[in-house]
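These protein sequence lines are chains A and B, in that order. For the first sequence, the residue numbers in my numbering are 145 to 372. For the second sequence, the residue numbers in my numbering are 145 to 372.
Think of the hints as simulated: they come from the structure by calculation, not from any bench. Hints may be right or wrong, so weigh each one.
The list makes no distinction among identical chains, and a pair is therefore deemed to hold if it is satisfied within one copy or across any two copies.
Stated by the list, open to error - Think about it this way: if two alpha-carbon atoms lie no more than 25 Å apart in a straight line, the pair counts; the simulated SDA-like pairs of lysine to any residue are:
#, residue 1, residue 2
1, K264, Y233
2, K285, G212
3, K264, Q317
4, K264, E215
5, K287, G187
6, K271, A304
7, K213, V333
8, K290, S155
9, K290, L367
10, K340, L223
11, K238, T318
12, K213, L351
13, K369, R239
14, K340, E282
15, K264, S251
16, K275, E222
17, K321, E277
18, K345, T221
19, K213, I158
20, K345, P283
21, K268, Y209
22, K290, P234
23, K238, F312
24, K238, M257
25, K271, K345
26, K213, M348
2 protein chains.
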Amino acid sequence: MAHDEEHLKSSDFISDIVIGMSDGLTVPFALAAGISSAVQSNGLVVTACIAEIVAGSIAMGLGGYLAGKTELDHYKTELKREYQETIDYPEIEKREVKEIFEVMGLSQQSQNMAVEELVKDTDKWVKFMMKYELNLEEPDKNKARKSAFNIGMAYVVGGAIPMLAYVFTSTPQTGFKFSFIITVICLLVFGYFKSKLTGQKPIMGALKMMAIGVIAAMSAYFLVKLFN
Amino acid sequence: MAHDEEHLKSSDFISDIVIGMSDGLTVPFALAAGISSAVQSNGLVVTACIAEIVAGSIAMGLGGYLAGKTELDHYKTELKREYQETIDYPEIEKREVKEIFEVMGLSQQSQNMAVEELVKDTDKWVKFMMKYELNLEEPDKNKARKSAFNIGMAYVVGGAIPMLAYVFTSTPQTGFKFSFIITVICLLVFGYFKSKLTGQKPIMGALKMMAIGVIAAMSAYFLVKLFN
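Whole structure, please, built from the sequences with the hints as guidance.
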């Protein structure tokens, strides 16, 4: 019997790339669209895109890396606190374990049995509280670093796509048209894969991602026109 | 006995505002810094900031809203699948429940008792699998919508801060200096509160948030100079 559990799972690397690239597509695309409505030279649009890509990739990459480190520190602090609590307030911590089993739907008898078994081994007890009371699992430090780097790099590549249209055309108006066409295609493709990777409906996901990009770009375009 | 469990908790509203505002500070600040190194007029810096703030707030707000809706759809799909699995493969699903209790550290006897109790009530059984096998809790649709709106609006306010320095000065160089001073102060303040809200060390968090903004801004500044 082939019991095929197809709940979401995918390679971290691929999903980092898709996340970074699809975010990188959206904001620089919309930024360039907005500026293109106000300036006469492609040089200024490209300058702004470069600044945005650098800013966005560092904010996303470095921000993600530091958040990962903070998460690890946080895990360690909470772990220490939980160990201390099993010493300082064993009865209260036991009651908390019991409550978790109660919420799961176990009977009084099973709750008591399970609690007594768990608290015999402090490591198991603390691991249980970390996971089921605090919803914390030990973060992987290397994964956070790699993930931040991959997302940051993918953001750069994603951001280069809408920008290139302005590099290879001579007026912001033409640049905007080509940028729009190329980016919409890319947003659809990345939205499709992003949804597939996270177990969503791919066509719907592709349309949603395109909609975010197009709405952001059109809003930036018209708002900048309004302010100028 | 005052057993003070100070694990992280805070108002959703406040934390949305702090997240949106601190992200809004970082990217428009760095973007403006980058552009200020290449242009002679504050008008262009402000135009680019407006485009970025619109783009970023829509990408973050609308993106967050649609992601919230997708999460809800995903939850419903998985819920339906789990119900179906308890009908199609009850033995396998029971074994999965047992394995979860095994990993928790319960004895064989308690595992069996707990499994038998759970599977008597299909709703409890499915709720258990959703939470402990798939790590999914029912998302709150209204919360996602409100959260997306708050983050988007806070991004606009955050982004306006580094921009205003260019509105009220007459050259990009002066604008950059004022923008830098004001934004660094705001990054420190928001980093401090953001860390407090999420249970991190506030001083360290303030310095990290400032570092991300300053590194992004300096990188954008010098890279744009290089390309021009």
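Verification of the supplied hints:
no.: 1; hint: K264 x Y233; result: within (15 Å within a copy, 34 Å between copies)
no.: 2; hint: K285 x G212; result: within (7 Å within a copy, 27 Å between copies)
no.: 3; hint: K264 x Q317; result: neither (72 Å within a copy, 66 Å between copies)
no.: 4; hint: K264 x E215; result: neither (29 Å within a copy, 39 Å between copies)
no.: 5; hint: K287 x G187; result: neither (38 Å within a copy, 42 Å between copies)
no.: 6; hint: K271 x A304; result: neither (45 Å within a copy, 45 Å between copies)
no.: 7; hint: K213 x V333; result: between (32 Å within a copy, 20 Å between copies)
no.: 8; hint: K290 x S155; result: within (13 Å within a copy, 32 Å between copies)
no.: 9; hint: K290 x L367; result: between (38 Å within a copy, 24 Å between copies)
no.: 10; hint: K340 x L223; result: between (36 Å within a copy, 18 Å between copies)
no.: 11; hint: K238 x T318; result: neither (68 Å within a copy, 61 Å between copies)
no.: 12; hint: K213 x L351; result: between (35 Å within a copy, 14 Å between copies)
no.: 13; hint: K369 x R239; result: neither (62 Å within a copy, 62 Å between copies)
no.: 14; hint: K340 x E282; result: between (27 Å within a copy, 21 Å between copies)
no.: 15; hint: K264 x S251; result: both (20 Å within a copy, 12 Å between copies)
no.: 16; hint: K275 x E222; result: both (11 Å within a copy, 22 Å between copies)
no.: 17; hint: K321 x E277; result: neither (53 Å within a copy, 48 Å between copies)
no.: 18; hint: K345 x T221; result: between (39 Å within a copy, 11 Å between copies)
no.: 19; hint: K213 x I158; result: both (22 Å within a copy, 23 Å between copies)
no.: 20; hint: K345 x P283; result: between (29 Å within a copy, 18 Å between copies)
no.: 21; hint: K268 x Y209; result: neither (30 Å within a copy, 38 Å between copies)
no.: 22; hint: K290 x P234; result: neither (39 Å within a copy, 40 Å between copies)
no.: 23; hint: K238 x F312; result: neither (67 Å within a copy, 61 Å between copies)
no.: 24; hint: K238 x M257; result: both (12 Å within a copy, 20 Å between copies)
no.: 25; hint: K271 x K345; result: between (36 Å within a copy, 23 Å between copies)
no.: 26; hint: K213 x M348; result: between (35 Å within a copy, 12 Å between copies)
Hints 3, 4, 5, 6, 11, 13, 17, 21, 22, 23, counting from the list given before, are not met by this structure.
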